[in-house]
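> Read off the chains here:
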Amino acid sequence: MPISILPPSPQEVPSHTDRYVSDSDEEMADAGDNDFTSSNSHSIVTPGETITSDPQWMRGHGTYIPPNSTTIISTLAGTLQKTNKLLSVTPLRARYAPEIGDLVVGRIVNVQAKKWMVDIGAAQLASLPLSAINLPGGILRRRTAVDELNIRTFFSEGDLLVAEVQMLHQDGGASLHTRSLKYGKLRNGLFTSLAGAGGGGAKRNGSGGVVRSRRQAFTLQTTAGEIDIVLGVNGYIFVSKHTITAGDEKDASITRLEESVSETLYSSENDVVPKDLMREIVRVGTLIRGLVLCSRSVDEEMVVRCYEVAVEMEAEENVMGDVLVGQGAKSIVENILLRIESGV
Amino acid sequence: MPLDTSTYSLALLRLDGRRWNELRRLHAQISTQAAADGSSYLEMGNTKVLCTVSGPHEGKAGGAGGGPRSTQAKIEVEISFAGFSGVERKKRQAKDKRTSEMSHTLTQSLAALLLTHLYPHSTITIHLSILSQDGSLLAACINAATLALIDAGIPMTDYLCACTTAAPPTSAETEAGGDPLLDLNGQEEQELPFLTVATVGKGHAVSVLIMESRVRMEKVEGMLAVGVEGCKRVREILDKVVKEHGKRFA
Amino acid sequence: MPREAEISVNEREFIQQALRENTRLDGRAFDTFRPLELTFGDEYGVADVKLGKTRVIARISVEVTAPLPERKFDGVFQIVTEFSPMASPAFEVGRPTDAEVILARILEKAIRRSNALDTESLCIIAGLKVFHLRADVHIIDHDGGLIDASCIAVMAALQHFRRPDVIVEGEKATVLSVREREPIPLSILHTPLCVTFSYYEEGEIFLVDANLAEEQVRQGEIIITMNRHGEVCQIAKYGGATVDALSLLNCNNVALEKVKDMSKFIQERLEADAKRRDAGGLMAELSAENDR
Numbered sequence: 001m002p003i004s005i006l007p008p009s010p011q012e013v014p015s016h017t018d019r020y021v022s023d024s025d026e027e028m029a030d031a032g033d034n035d036f037t038s039s040n041s042h043s044i045v046t047p048g049e050t051i052t053s054d055p056q057w058m059r060g061h062g063t064y065i066p067p068n069s070t071t072i073i074s075t076l077a078g079t080l081q082k083t084n085k086l087l088s089v090t091p092l093r094a095r096y097a098p099e100i101g102d103l104v105v106g107r108i109v110n111v112q113a114k115k116w117m118v119d120i121g122a123a124q125l126a127s128l129p130l131s132a133i134n135l136p137g138g139i140l141r142r143r144t145a146v147d148e149l150n151i152r153t154f155f156s157e158g159d160l161l162v163a164e165v166q167m168l169h170q171d172g173g174a175s176l177h178t179r180s181l182k183y184g185k186l187r188n189g190l191f192t193s194l195a196g197a198g199g200g201g202a203k204r205n206g207s208g209g210v211v212r213s214r215r216q217a218f219t220l221q222t223t224a225g226e227i228d229i230v231l232g233v234n235g236y237i238f239v240s241k242h243t244i245t246a247g248d249e250k251d252a253s254i255t256r257l258e259e260s261v262s263e264t265l266y267s268s269e270n271d272v273v274p275k276d277l278m279r280e281i282v283r284v285g286t287l288i289r290g291l292v293l294c295s296r297s298v299d300e301e302m303v304v305r306c307y308e309v310a311v312e313m314e315a316e317e318n319v320m321g322d323v324l325v326g327q328g329a330k331s332i333v334e335n336i337l338l339r340i341e342s343g344v
Numbered sequence: 001m002p003l004d005t006s007t008y009s010l011a012l013l014r015l016d017g018r019r020w021n022e023l024r025r026l027h028a029q030i031s032t033q034a035a036a037d038g039s040s041y042l043e044m045g046n047t048k049v050l051c052t053v054s055g056p057h058e059g060k061a062g063g064a065g066g067g068p069r070s071t072q073a074k075i076e077v078e079i080s081f082a083g084f085s086g087v088e089r090k091k092r093q094a095k096d097k098r099t100s101e102m103s104h105t106l107t108q109s110l111a112a113l114l115l116t117h118l119y120p121h122s123t124i125t126i127h128l129s130i131l132s133q134d135g136s137l138l139a140a141c142i143n144a145a146t147l148a149l150i151d152a153g154i155p156m157t158d159y160l161c162a163c164t165t166a167a168p169p170t171s172a173e174t175e176a177g178g179d180p181l182l183d184l185n186g187q188e189e190q191e192l193p194f195l196t197v198a199t200v201g202k203g204h205a206v207s208v209l210i211m212e213s214r215v216r217m218e219k220v221e222g223m224l225a226v227g228v229e230g231c232k233r234v235r236e237i238l239d240k241v242v243k244e245h246g247k248r249f250a
Numbered sequence: 001m002p003r004e005a006e007i008s009v010n011e012r013e014f015i016q017q018a019l020r021e022n023t024r025l026d027g028r029a030f031d032t033f034r035p036l037e038l039t040f041g042d043e044y045g046v047a048d049v050k051l052g053k054t055r056v057i058a059r060i061s062v063e064v065t066a067p068l069p070e071r072k073f074d075g076v077f078q079i080v081t082e083f084s085p086m087a088s089p090a091f092e093v094g095r096p097t098d099a100e101v102i103l104a105r106i107l108e109k110a111i112r113r114s115n116a117l118d119t120e121s122l123c124i125i126a127g128l129k130v131f132h133l134r135a136d137v138h139i140i141d142h143d144g145g146l147i148d149a150s151c152i153a154v155m156a157a158l159q160h161f162r163r164p165d166v167i168v169e170g171e172k173a174t175v176l177s178v179r180e181r182e183p184i185p186l187s188i189l190h191t192p193l194c195v196t197f198s199y200y201e202e203g204e205i206f207l208v209d210a211n212l213a214e215e216q217v218r219q220g221e222i223i224i225t226m227n228r229h230g231e232v233c234q235i236a237k238y239g240g241a242t243v244d245a246l247s248l249l250n251c252n253n254v255a256l257e258k259v260k261d262m263s264k265f266i267q268e269r270l271e272a273d274a275k276r277r278d279a280g281g282l283m284a285e286l287s288a289e290n291d292r
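Residue numbers (UniProt numbering), protein chains in the order written: chain H, 1 to 344; chain Y, 1 to 250; chain X, 1 to 292.
Bear in mind the hints are in silico, worked out from the structure with no lab data behind them. Treat the hints loosely; a few may be bogus.
[As the list claims (entries may be wrong)] Chain Y regions said to be covered by chain H (calculated; three or more residues, Cβ under 8 Å):
| hint | segment |
| --- | --- |
| 1 | 15-26 |
| 2 | 120-133 |
| 3 | 153-163 |
| 4 | 223-231 |
[Unchecked claim] To be clear about the criterion: a stretch of chain Y counts as covered by chain X if any three or more of its residues have a C-beta under 8 Å from a C-beta of chain X, and this derived list gives those stretches:
| hint | segment |
| --- | --- |
| 5 | 100-107 |
| 6 | 193-201 |
| 7 | 205-214 |
Built from N, CA and C at the ideal position, the CB exists for glycine as well.
One chain only, chain H, in its complex shape:
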């Protein structure tokens, strides 16, 4: 029985009027197998869309092959990636998928006998075993039963920390470690979550977010003093007052250093943060949020440049006496980006 279904008649929304979907479907069919990969990176694939039926390709993340066929079909809305003969679809946005070596910022959700469970914005809570942290007391030593009893003195529920993904389990869960003086408890600062924009995958589609890069944690020189910025790959950001860590005093021996830091390593008390430094911390946090809202990638270079221009603009405003930019993080960052791009 031939049935034709009429589309809704009053086309009130202009975006509904163009018929490009049916066009692109035909293109797909016509193009055949030679250049199916939509060499124009502008279009995205959607769930259920056939990517190829050529058996020479292998399926990667975000695709599936129905039983008894060789057709590779997308399961996500996102862009197609080709790695040699491997086809995968990177979603436009998704929860953070941990990878070994990622620097992440997390929050302790619960404390168990020998480990902490940490929210890193992934599908499952990550675990941080007691054996994977630096124990205080100077020298590197084995953990003892006393440490197990005192587990809450290191981290307790709600604490923020920066860690590295050490291992991925079979089921997709992650184990973290903080076995470096760069890692550990976070304090004296401001936590920002870039919700929904986490994950390195987000960057490749230009939807903004933190990029996996060489330096995720760095120090920024501001007018009010130095501040530390930790860009977690999972989209959690921590901006804080600068503390002296191993990286700054390379000449001191490692054991000596541990001694010097150990008292403050697991402290839950904030130091005194001067008011103008707090202001700069908030400014950096807002700028980073604005960058994501403008669909920009967040890395060290971008943050530093934005910060410089922001300070410059504020100075100009003070001189001229009028406010150039609108309200909100997004519009401020838009203006900054304009200025950076025009090369002023």
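Starting from the known structure of chain H, fit chains Y and X onto it as the hints suggest.
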């Protein structure tokens, strides 16, 4: 019968001026709520639904209660009605059977649609807020949930799209009746026997089929055929919404 | 919360493999019901259904109440389902599982919404007094096919039930006891019955009346409610794996056949019961006369 359909057989135009095979305006947006992992807003005529998805995240119950099922993500669906969604403003009970049946339908159909085995020990929570009801409520919920899940980046085999069809109103002169009606509004739902059908993908793969009223067996075939075609059209519209959204990132 | 013992991987594989080879564990054909037994209690309106090992008892009771304000001319009809822990350890009193909600909804849609019972005939004085009919469904033993069995039980009990007669004088209604006036049967408009199809192998294999083990292995279910005149009262397919639209229509045809068979069976049992009662009734009259 609360309404008069006697004019239908004359002009073959429905109460709101549509033909038998015409959908209502279907407007949808995705990524509407910043706080959720995925969200959508969908209008089918005057039926308006807001859907948010959070997850996959670690379930509340934790490992112990998961049992053998925990090799797959668990899907939870909550449906809430706004007090102003219906004709009468009334406070609904927290859990009536009709609502739990709807959430059961969504849970079951999405469990088969999503590749849940990729997220063991996790929970995917879907929350639907019904802002306005005017027929095809379950269908609108299914379509909204599909969009929100796509936005959340949760892998699925294909779109799950739904619509409603009704058996044609029989008039005195044509006992056999005309063509089945597609995409019912609230008034038509009150009056005609109808079914809700949801299909996966472009084919005839029926995932959900719910009919609540008495109808001759012979009529089901026609209703189903129109419903499946309607779902295909809905899929095209939803796909366009997703592609349009994707263009922004290109 | 106790849960149904999950079926083991081996059992699952075994059942699926057997189905692929066209065999069911209990040797039935794919489209046959388990042996159906239907007995009626001594009182009117008690039906005891055994479908294989599944056992469901339905009991109808009646009282006189005021009608709902928005439906002045209709009697009240209510179906109450209860899963007792006696049937399966997975059932808990006071906390309805999904299965229980679904059963209640299906019965509601199949019997109440399809107007199987003429509720207007339950009206005594419009707006003041009506009969309130209540069907209690008790699951005694659970081995799959609860919906089908419950539906048979309720419909059989409704047809078996006799309500007391009333005399109306103006605003005054007198309910006559069984001794005063022979109670009268309910007015049943049609007999909807449920057939549950369980499907396997991506909708390639359809089973009628799956037992518990088969239910645990299935990919999805389709519940079709029909009467023997070929009217579909309700179809419910709550997700699960997808099924081709044509096989769904095919299910309708199979369901019609099954419903015809079952209706006939219920009718036979009702007649047999009536005969038994009739004989007993005569005996009672005789004995009463002897007393005098």
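> For the segment 193-201 of chain Y, count the residues whose Cβ lies under 8 Å from any Cβ of chain X; is that count three or more?
The restraint on the segment 193-201 of chain Y holds, since 3 of its residues have a Cβ under 8 Å from chain X and three suffice.
> Taking a Cβ-to-Cβ distance below 8 Å as contact, does the segment 205-214 of chain Y have at least three residues touching chain X?
holds (count 10)
> Can you tell me if the segment 100-107 of chain Y counts as covered by chain X, using C-beta to C-beta distances under 8 Å and a minimum of three residues?
holds (count 6)
> Taking beta carbons only, do three or more residues of the segment 120-133 of chain Y come closer than 8 Å to chain H?
holds (count 3)
> Count the residues of the segment 223-231 of chain Y whose Cβ falls closer than 8 Å to any Cβ of chain H, and tell me whether that reaches three.
Holds: 4 residues of the segment 223-231 of chain Y have a Cβ under 8 Å from chain H.
> Counting residues of the segment 15-26 of chain Y with a beta carbon closer than 8 Å to any beta carbon of chain H, are there 3 or more?
Check passed, 8 qualifying residues.
> Quick check: the segment 153-163 of chain Y, covered by chain H? Criterion 3+ residues, Cβ under 8 Å.
holds (count 7)
In this structure, none of the earlier numbered hints is contradicted; all agree with it.
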